[in-house]
Amino acid sequence: MALKDAAMPQLRNPGPSWGYRFIRLCDATLPEALFRPLRQGGTWTAVLLMQRQRGCSRDYLRVVLGREPGPRDLFRHFLSVCEALVLRLRVAGGLQHRCVHGPGSSDMETWLASNRPALLGTFHIGNSDLTGFMLAGQAHKRVHLVRLRVGNSHDTDALASRFGDLLRFVWVNDPSEMLFALKEAGSSGDAVALQCDRADHSTRCEPFEFLGAPRAFPFTIYHLALIFHRPVILSFGVPSGPAESTVYASPAFEPLSGEGRAEALARCRIHFQSFLRVVEAHLRVHPYDWLNFLPL
Amino acid sequence: MPDPLIAKLKLLIVETLRLEDIAAADIPDNEPLIGGGLSLDSIDALELVVRLEKEFGIKIASSEEAKRALGSVAELTAYIREHADPSRLPA
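Going down the list, the sequences are from chains A and B. According to our numbering, the first sequence is numbered sequentially starting from 3. According to our numbering, the second sequence is numbered sequentially starting from 223.
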């Protein structure tokens, strides 16, 4: 998971470092009737100014929609990021928000009720960032979040302060420190959460069928599962009400004692591909939930 | 006579990382283990560290220590000899 390109973080969260604090200030002082049009205006500004992200959005939407996206499609895609961010900031500020389990998530429920460690793979879809925090809070699980620290991680910092010791961070920006931190996290009895849809900070990527073509996805989580003998559960969360998100989770992948590495990795590939089909099925219906603005 | 610990460590590296194209004896003593001719990455390093801790009853306590230990086979040998439970070292 060493960084391939130290400059990559500059492409992420490209807004100013004070941006999130400004949003929180507006949210705290303006009525929703004013704040919402302000967010929409800000979103149009972002669509116009963020050329690289606009290009990535257009490329993704063209594939998922099966047609050339119009300006309104781009706006809705950008707005979904804005709305997810505002919700994260509100939850960080104390807003009550709960997560419920979607169909097929029984292994996640079983794991949450257990004392077992696990590796949790997440995707930048809908409220996934938030549901990771909320699951930690609701189930009182200690979770180590493997994240790339960017210029404005205010939302992450604010959520972390709300959940205190339940959340610990493994920053992947410094590969030399990352190795040791990952060992400590993996060896602990806690859960470790990794993002599984951005190949930019992973050395172990593999191609999987996604949106009609083979595309590179990080595969590091499965290598960690085999090293530490931990189950892997993949999930994503989407809004399902004004104060609720639904988490869709995969069956657990379980490493087997005595199984050869090649056979185990073959099972890992089937597990990941299977959940990617669930992800794709969701995005075909809710295309704007994909919160990645990077090349597919 | 070759150092039995060096031989054991080279074998352990090959086994742990499933280096099918490399014989244990072909691993040089003084070449960097990470980023050297073995083409190991950070996940390989992590797997190796976990195996070494289990095999020799050691605890690598910091990233600096991990970097030093994995500098080369020679440096790894010195590190293991210094920190391992003597009963776990080859005679």
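It should be emphasised that the hints constitute simulated quantities derived from the structure, not laboratory data. Here a beta-carbon is modelled for each residue, glycine too, at the ideal position from N, C-alpha and C. Hints may contain errors.
What the hints assert, rightly or not - Which chain B residues stay away from chain A? Per the calculated CB distances, all over 12 angstroms, these:
1) E253
2) V272
3) R310
Stated by the list, open to error - Partner residues aside, some chain A positions facing chain B, computed with beta carbon under 8 angstroms:
4) T47
5) V49
6) F182
7) L184
8) K185
9) R206
10) R263
Going through the numbered hints above, which ones does this structure break? Give me the numbers in ascending order.
Per hint list: 2, 4 and 5 violated.
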